[in-house]
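Novice: Please build the complex by placing chain B on the supplied structure of chain A, with the hints as guidance.
From first to last, the protein sequence lines are chains A and B. In terms of the working numbering, the first sequence opens at residue 1 and continues consecutively. In terms of the working numbering, the second sequence opens at residue 1 and continues consecutively.
Keep in mind that the hints were calculated from the coordinates and are not lab data. Here a beta-carbon is modelled for each residue, glycine too, at the ideal position from N, C-alpha and C. Take the hints with a grain of salt, since some may be wrong.
[Claimed, not checked] Derived SDA-like pairs (lysine to any residue); straight-line CA-CA distance at most 25 Å:
1. B:Lys5 / A:Ser418
2. A:Lys434 / B:Lys5
3. A:Lys348 / B:Lys5
4. B:Lys5 / A:Arg19
5. B:Lys5 / A:Gly16
6. A:Lys348 / B:Val106
7. A:Lys251 / A:His415
8. B:Lys5 / A:Gly60
9. A:Lys348 / B:Gly103
10. B:Lys5 / A:Tyr413
11. A:Lys348 / B:Gly178
12. A:Lys348 / B:His181
[As the list claims (entries may be wrong)] Calculated Cβ distances over 10 Å to all of chain A for the following chain B residues:
13. Ala131
14. Val174
15. Val195
16. Val201
17. Ser235
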Amino acid sequence: MSRLVVEGLTIRLPRGADRDNAIEDVSLSVAAGEILCVVGESGSGKSVTASAVMGLLAPGLSIAAGRMALSGEDLRAQSPEAWRAIRGRRIAMVFQEPMTALNPLMSVGAQIGEMWRVHMNLDAREAERRALAALREVNLPDPEGALRAFPHELSGGQRQRVMIAMALALEPEVLVCDEPTTALDVTTQAQVLALIKDLQRRHGTAVMFITHDFGVVAEIADRVAVMRLGRVVEEGTAREVLTNPRHDYTKALLASVPGLHAPTARALSSDEVLQVRGLTKTYVSRGLFRRRKPVRALDDVSVTLKRGSTLAVVGESGSGKSTLARCVVGLLGNDGGQVVIGGAPLPKRRRDAARLVQMVFQDPYASLNPRRRAGAQVAQGPIAAGTPAVAAQREARDLFALVGLDPDAVDRYPHEFSGGQRQRIGIARALAMKPQVLVADEPVSALDVSVQAQVLALLRELQARLGLSILFITHDLRVAAQLCDEVAVMRNGVVEEAGPIGAVFADPRSAYTRSLIDAIPGRALFGL
Amino acid sequence: MRAAKAYLRSQAALIGTVILLAVLVMGLGASWFYPADPLGLAGRPLQWPGANPRFPLGTDPSGRDIAAQLFHGARISLLIGVVATSIAVVIGIAIGAVAGFYGGIVDTLLMRVTEAFQTLPNFLLLLVLVAVFGSTMGTVTVAIGLVSWPPVARLTRAEFLTLRTRDFVQACRVQGLGDAHLILREVLPNALPPVIVYASVVMAVAILLESALAFLQLSDPNVPSWGNLIGLGRSVLRTEWYVSAIPGVAILLTILGVSLVGQGLNDALNPRLASGR
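Here chain A stands alone, though its shape is the one from the complex:
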């Protein structure tokens, strides 16, 4: 029998939004012991569906039509008090961001124990006993210690385990997971997915799992619902949808999921345009009362980038890959070693360094000044370097055309562009300086998968046309495989392994590289 049923649900957006309804005529059902994955890109309405099921619609949204039922009981008729009794006890939720979903001032044990104290009026000792058992069940390494720990003392993956322990504390009938692994590293993601699947099987919980990643779907789903612009366009068993999609949109989405197929190796130039020699960078946090242990972000890192090629630097969070990027463009000073571009050390003066190396940033929303026109932000670098303003403006228009934007869009402000278009502006801005080396710091990780494919195609095309040399920082091996010629795998500030990307991925020498490849979600389906 279906634990959770949603029928013909339509949720209206406030007036003035880009469409009338957040979701339209959505019908879903999740049975006991089943995992339903709701997949879609940003703006598809998948998160709105989840919050409606939790009775947590954002202000301004209202249910216009449809029915929601939990084990046969109508959810739309519940009063706010009744909702409070249902939420947490009968329907639980795991959020995307494990840092902000936990109270930073309460110990982990107290937060889990609160579930039993509030919903079942258990005393503190019994609550603690059960909290300990719950932490054991989610495989935290030191459950007794975790009980007394505060959220900031745990890693992201451990925090997400705590969230899962809390969500499952009262044996809910339905568990709603909203992108629970998106903020996690790939190896941690694999562990958390395995944990959710294991617990769900043992408790027979019905799970509604929201995600944008078809790799994750392939790992965990029993059934799949694909959403687009507020509508469910395709629904079926995981096998059906993943191997034999019927709707064109599903086909397109699946096609844009990058595989781990490295391109055939090209002959690379022997000219090393960028040489990083023994770079060392240590972060020391100075405080008045305590001195924390210095963190070694880069430890004797040496990599080389050949002219006209792409070098991927892959690693998980904390590996030092972003620090490396910032040192190479001169945003951060280094404590030892050297960055050599085109045969000479990176100049100290900002203006001189700007002609040699440019950067594309991760977040397309944060990397453009919201109060200045897009074209001006592209043209300002050349103008500062001495190009006459009129010529720089004309060049900005040409660059807009080059990156696939309308040249007349130079007069628009950043908020008038989509995420993918903004990233194109960021690329145009970097190219305006005609740099020898382009550093791209996770340029596609904030984008939807179909947009991701477009931006990667653009980078590839630009490289072919302009002979760009790209240092490509990413956490995603699949993305690296699509674009890059060589790869350097980093871990804890050290280069673990480096070489041609096809060779490294086919036959990794380091155990760490192997574990990264094994952890890629949906590998069995999308192939290595």
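Specialist: Relative to the frame of chain A, chain B by itself:
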């Protein structure tokens, strides 16, 4: 455009704008409504409002027309408010921007200076400044500006601290742009909205500070300010209270207007609040 629309939708902002416009018209039209010297003797002293049709708001203890002083006083109060606020905002932004943008030792030094100013009660500091430099209109205005900048500096610094690490600022560094460009073109425009809102508070306080000085007869006695009029009424407060009450109400309304405009600006310039209603 969006901010302007949000501003016009807010009722508080509209009321505030109307009040401020009325005060502005009073001030600008003062010489046209009352061409004679407002400080010249006009008639018998201490006539109640309405008692003599020539003086709709009565006369003060020296026999000067209260209505004329009120109109000319509007000009003085607004002028002091605007000029003193500009001084405070310019000093505050300059110090806050430099401290927040560069951080480190520069920040520490500038913030200690700011704290030194903040720990002194600003009215006391104002009294000292006026006592030392005299109480002409100019010195009073500058002195008010000089005691009002520390909160502006703190606010600007806080905005700069969060904005300077944003990617778009880093992107401009990578493009080879100088610090002056980064501060003035990139960070400042994004830091400005809360400072503009706070400027309305500074302006209200500036008008009040001048009135308080005048009440103690430490402001410029040769100009017809509202504060001076209140000070004149002090000796006859129990019998002819209207002498102090009429300019008092004028000050109250003006500050209300300034505050409402500030509130409206806050709602309009803060996108999260604007979309919430």
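Novice: State for each hint whether it applies.
Specialist: Consistency of the hints with the structure:
1. B:Lys5 / A:Ser418: Holds. B:Lys5 to A:Ser418 sits at ~24 Å (cutoff 25 Å).
2. A:Lys434 / B:Lys5: Between A:Lys434 and B:Lys5 the Cα gap is close to 42 Å, so the pair fails against 25 Å, i.e. violated.
3. A:Lys348 / B:Lys5: Given pair A:Lys348, B:Lys5 is violated - Cα atoms ~47 Å apart, limit 25 Å.
4. B:Lys5 / A:Arg19: Distance ~22 Å between B:Lys5 and A:Arg19 Cα, so the pair holds.
5. B:Lys5 / A:Gly16: The given pair, whose Cα atoms are some 14 Å apart, holds under the 25 Å limit.
6. A:Lys348 / B:Val106: Holds: A:Lys348 and B:Val106 sit about 22 Å apart, inside 25 Å.
7. A:Lys251 / A:His415: Given pair A:Lys251, A:His415 is violated - Cα atoms ~30 Å apart, limit 25 Å.
8. B:Lys5 / A:Gly60: holds, 20 Å
9. A:Lys348 / B:Gly103: Between A:Lys348 and B:Gly103 the Cα gap is close to 20 Å, so the pair holds against 25 Å.
10. B:Lys5 / A:Tyr413: Holds - the C-alpha atoms of A:Tyr413 and B:Lys5 are around 18 Å apart, at most 25 Å.
11. A:Lys348 / B:Gly178: holds, 13 Å
12. A:Lys348 / B:His181: Holds, because 18 Å separates the two Cα atoms, which is no more than 25 Å.
13. Ala131: Nearest chain A Cβ is 40 Å from B:Ala131, so the label holds.
14. Val174: violated, 5 Å
15. Val195: holds, 14 Å
16. Val201: Non-interface label stands for B:Val201: nearest chain A Cβ at 24 Å, farther than 10 Å.
17. Ser235: holds, 54 Å
The structure shown violates the earlier hints numbered 2, 3, 7, 14.
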